[in-house]
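So you can see what is in the structure, the chains are spelled out below.
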Amino acid sequence: KAGVTQTPRYLIKTRGQQVTLSCSPISGHRSVSWYQQTPGQGLQFLFEYFSETQRNKGNFPGRFSGRQFSNSRSEMNVSTLELGDSALYLCASSLRTGGDEQYFGPGTRLTVT
Amino acid sequence: GEDVEQSLFLSVREGDSSVINCTYTDSSSTYLYWYKQEPGAGLQLLTYIFSNMDMKQDQRLTVLLNKKDKHLSLRIADTQTGDSAIYFCAECPLSGNTPLVFGKGTRLSVIA
Numbered sequence: 001k002a003g004v005t006q007t008p009r010y011l012i013k014t015r016g017q018q019v020t021l022s023c024s025p026i027s028g029h030r031s032v033s034w035y036q037q038t039p040g041q042g043l044q045f046l047f048e049y050f051s052e053t054q055r056n057k058g059n060f061p062g063r064f065s066g067r068q069f070s071n072s073r074s075e076m077n078v079s080t081l082e083l084g085d086s087a088l089y090l091c092a093s094s095l096r097t098g099g100d101e102q103y104f105g106p107g108t109r110l111t112v113t
Numbered sequence: 001g002e003d004v005e006q007s008l009f010l011s012v013r014e015g016d017s018s019v020i021n022c023t024y025t026d027s028s029s030t031y032l033y034w035y036k037q038e039p040g041a042g043l044q045l046l047t048y049i050f051s052n053m054d055m056k057q058d059q060r061l062t063v064l065l066n067k068k069d070k071h072l073s074l075r076i077a078d079t080q081t082g083d084s085a086i087y088f089c090a091e092c093p094l095s096g097n098t099p100l101v102f103g104k105g106t107r108l109s110v111i112a
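Protein chains in written order, with my numbering: chain A, 1 to 113; chain B, 1 to 112.
Misleading hints may appear alongside valid ones.
What the hints assert, rightly or not - Mimicking SDA-like on lysine to any residue, the simulated pairs with C-alpha atoms at most 25 Å apart in a straight line are:
| no. | chain 1 | residue 1 | chain 2 | residue 2 |
| --- | --- | --- | --- | --- |
| 1 | A | 57 | A | 29 |
| 2 | B | 36 | A | 95 |
| 3 | A | 13 | A | 95 |
| 4 | B | 36 | A | 2 |
| 5 | B | 104 | B | 10 |
| 6 | B | 70 | A | 100 |
Treat the hints as calculated values from the structure; they're not laboratory data.
Build out the structure end to end from the sequences listed, making use of the hints.
As structure tokens, this is what we get:
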């Protein structure tokens, strides 16, 4: 079975721009969660989608949004990028929602200049 | 509230055992997980333990759970240089509809 894939792997954007990241979960997994990882803050939960519905949301501003498609693929969007948004964005998929065991993708490294 | 604490760094010699510790606050957690992150990569699920278990062994990995003290540990026997990574513990709250809660990770350095 193929693992979780994320595209692109690396991205450089300028302040004020917006960005869209994509995640394809493991086949059969219906839950996709997104995390932001930075050296200072560690792993912070952004949101979780299950069957195209947002089930949980972390404490991030409205500039961070996401969606899930009927094939369980998910995208997250960050608008009006700030320097502090530079991070590794990780996506994880699981069979069920909530705290089920999660399988992570390799991440997208976003650099905002 | 939910919080998971880990020490930030651990250094061991190749061939020795490593013990990575974790404390959590949600006594109703059902599953507790250990993940490994190598440089430039995502998190890899290593092992997990159900809250009604005290111990789980999987090859070189041993997980110990002390539910009374809300303490979880991961022991890696015969530590190798390839074990150098960041190790995260995570708890699954009983409520079930909330996400996993991760610690900040322990960076394990293995000295040859």
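Taking the hints in turn, this is what the structure says about them:
no., hint, result
1, 57/A <-> 29/A, "holds (19 Å)"
2, 36/B <-> 95/A, "holds (20 Å)"
3, 13/A <-> 95/A, "violated (33 Å)"
4, 36/B <-> 2/A, "holds (19 Å)"
5, 104/B <-> 10/B, "holds (13 Å)"
6, 70/B <-> 100/A, "holds (20 Å)"
Of the numbered hints stated above, the single one contradicted by the structure is hint 3.
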